[in-house]
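**Student:** Keeping their order, the protein sequence lines are chains R and Y. So the number in my numbering is just where the residue sits in the first sequence, counting from 1, plus 25. So the number in my numbering is just where the residue sits in the second sequence, counting from 1, plus 732.
None of these hints come from the bench; they were simulated from the model.
Okay, derived cross-link-like pairs now, DSSO-like style, lysine-lysine, Cα gap no bigger than 27 Å in a straight line:
hint, chain 1, residue 1, chain 2, residue 2
1, R, K175, Y, K894
2, R, K154, R, K131
3, Y, K805, R, K43
4, R, K66, R, K43
5, R, K157, Y, K894
6, R, K157, R, K144
7, R, K157, Y, K984
8, Y, K894, R, K131
9, Y, K894, R, K154
10, R, K206, R, K175
11, R, K95, R, K43
12, Y, K894, R, K129
13, Y, K894, R, K95
14, Y, K984, R, K154
Partial list, computed: chain Y residues near chain R (C-beta under 7 Å):
hint, residue
15, N880
16, N885
17, Y886
18, G889
19, S893
20, P904
For every residue, glycine included, the Cβ atom is placed at its ideal position computed from N, Cα and C.
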Amino acid sequence: MIRQEWKGQLVMIEADVKKRLGDFSLDANVSDEHFICLTGKNGSGKTTLLNLITGILTPDDGYVTLNSRKITNLPIEQRQVSIVTPDSCLPHLDVDRHLIWGAKNKGLYVERDYIKEIKTGLGINFGGKVRKLSLGMRERVSLATSLVSKPQLILVDEAFSNIDNHRDFVDTFRDLAAKAKVDVIFTTQYPEDSTQADHHYRLDSGKSTRLF
Amino acid sequence: MNWLKLISTLSLALLVTPVFLLLYEGFGPLRDPIGYSYEVVRAIELSLLSSAIAAAICITIFTPLAYYFARNKNSLGEALSDIPASIPHPIIGVAILVIVSPLTPFGRFLLSVGINFFNTFLGLITALTIVSAPIYINSMHPFFQSMNIAYENYALGLGASKFRTFMSVVVPNSGRGILTASLIAMSRAMSEFGSISIVAYYVLQQPFYGVSPAPVLIFQYYTYYGLGAAVTASAVMILVSIVIMILLRLVKRSTTL
Chain R
26 MIRQEWKGQL
36 VMIEADVKKR
46 LGDFSLDANV
56 SDEHFICLTG
66 KNGSGKTTLL
76 NLITGILTPD
86 DGYVTLNSRK
96 ITNLPIEQRQ
106 VSIVTPDSCL
116 PHLDVDRHLI
126 WGAKNKGLYV
136 ERDYIKEIKT
146 GLGINFGGKV
156 RKLSLGMRER
166 VSLATSLVSK
176 PQLILVDEAF
186 SNIDNHRDFV
196 DTFRDLAAKA
206 KVDVIFTTQY
216 PEDSTQADHH
226 YRLDSGKSTR
236 LF
Chain Y
733 MNWLKLISTL
743 SLALLVTPVF
753 LLLYEGFGPL
763 RDPIGYSYEV
773 VRAIELSLLS
783 SAIAAAICIT
793 IFTPLAYYFA
803 RNKNSLGEAL
813 SDIPASIPHP
823 IIGVAILVIV
833 SPLTPFGRFL
843 LSVGINFFNT
853 FLGLITALTI
863 VSAPIYINSM
873 HPFFQSMNIA
883 YENYALGLGA
893 SKFRTFMSVV
903 VPNSGRGILT
913 ASLIAMSRAM
923 SEFGSISIVA
933 YYVLQQPFYG
943 VSPAPVLIFQ
953 YYTYYGLGAA
963 VTASAVMILV
973 SIVIMILLRL
983 VKRSTTL
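Throw the hints in and build the complete structure from the sequences for me.
**Tutor:** Listed below in structure tokens is the structure:
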């Protein structure tokens with residue numbers, strides 16, 4: 026299988042942020058592009074870092090830029106950053122309406138063939154209300170919806186973990202993201218998942234280390 | 733029987749005994765035909781309709797406020813929204829009348845454009861909305877707090893504005909919460925007496941010309957005819973309230989299933 030690569034303009038993510046939450050202190054730096062893996066134990070600060078990048082949390086100090094565009098103080102909806110957690114979905118919608126919801130928000134025209142390609146690639150061969158789907162199915166739909174909405178960056182917070190054959194799924198997702206020129210940061214508790222990434226950062230007690 | 737069950741049974745009996753006694757007396761020994769006359773039926777119609785409208789207004793106006801309180805800590809705002817529930821309700825009635833009083837410039841202005849709360853359907857609905865709104869807000873607040881915020885963050889990340897996220901994500905996933913809270917607000921509105929006895933002792937507009945809201949009519953019956961008519965009318969009103977209560981239970985049950 027030929028690995029799809031990002032072409033054209035690169036989206037560079039730079040985040041150098043500090044945040045204190047109770048006894049926990051995060052001091053992290055991510056500066057890369059494409060498919061980035063973030064590993065670390067529970068409580069190491071992975072989710073906090075993603076929340077700072079997406080705008081759910083505001084850093085005490087530091088900045089977040091996307092393609093040199095400073096987004097530190099922008100509201101979530103203006104950042105062009107989509108976050109997907111295991112709970113992320115629009116439960117009242119059916120699968121097909123869910124897939125185009127984000128694109129419709131942005132006024133993007135989505136070709137049927139593209140939806141078909143995404144559905145086939147990500148194994149979405151089911152329908153019905155999203156609230157009635159299994160967790161793994163919901164995650165497939167939510168990740169696909171994010172891709173179709175074409176943000177500059179997708180943050181995947183443990184949302185690959187509950188998907189069957191998740192390593193194959195991650196490979197396909199990476200290829201579709203490359204084709205759509207969307208960068209991805211994904212968190213995982215399994216360091217071996219980093220072999221599928223272009224870059225790997227490890228978080229340990231709130232401190233980040235770039236491994237490659 | 734353990735002590736907790738015993739105390740619970742006794743306290744429950746304390747709550748329901750007056751109600752069942754009223755039902756028994758109202759349809760039994762103290763039964764008075766005036767208590768289920770056409771006038772009572774019209775009064776219950778007026779109470780049901782005005783309470784339902786007040787609940788609908790609560791949904792429209794106060795759902796965003798309850799959501800705001802659930803997502804943003806605002807102790808002052810929450811305390812302010814509780815004021816109508818924590819003051820004697822006749823004060824609400826007086827306050828509403830002050831708004832349209834010809835003694836104030838604002839009141840004169842409202843009257844000049846045809847807005848009058850005194851003995852009008854509008855005044856009745858306004859009073860019922862104000863007294864039931866805190867109940868509605870306090871019911872919706874925990875519902876929104878328990879709603880998974882991941883849905884909203886996901887929608888915002890997909891480029892939806894906060895307004896669109898509220899309308900297209902929060903509201904469609906709050907149907908049962910809104911229905912439960914609005915039925916509670918409607919029940920509260922139906923039982924209101926203090927404010928409406930001042931603002932709308934009776935309504936002087938069609939199709940309810942000369943009709944008093946049910947709680948006011950029961951008070952009138954008590955003062956004009958004595959206990960019998962008041963007890964029978966109360967028993968009829970309780971039956972209507974029980975229907976709403978059963979509906980509420982059914983909604984709550986379907987929510988937890």
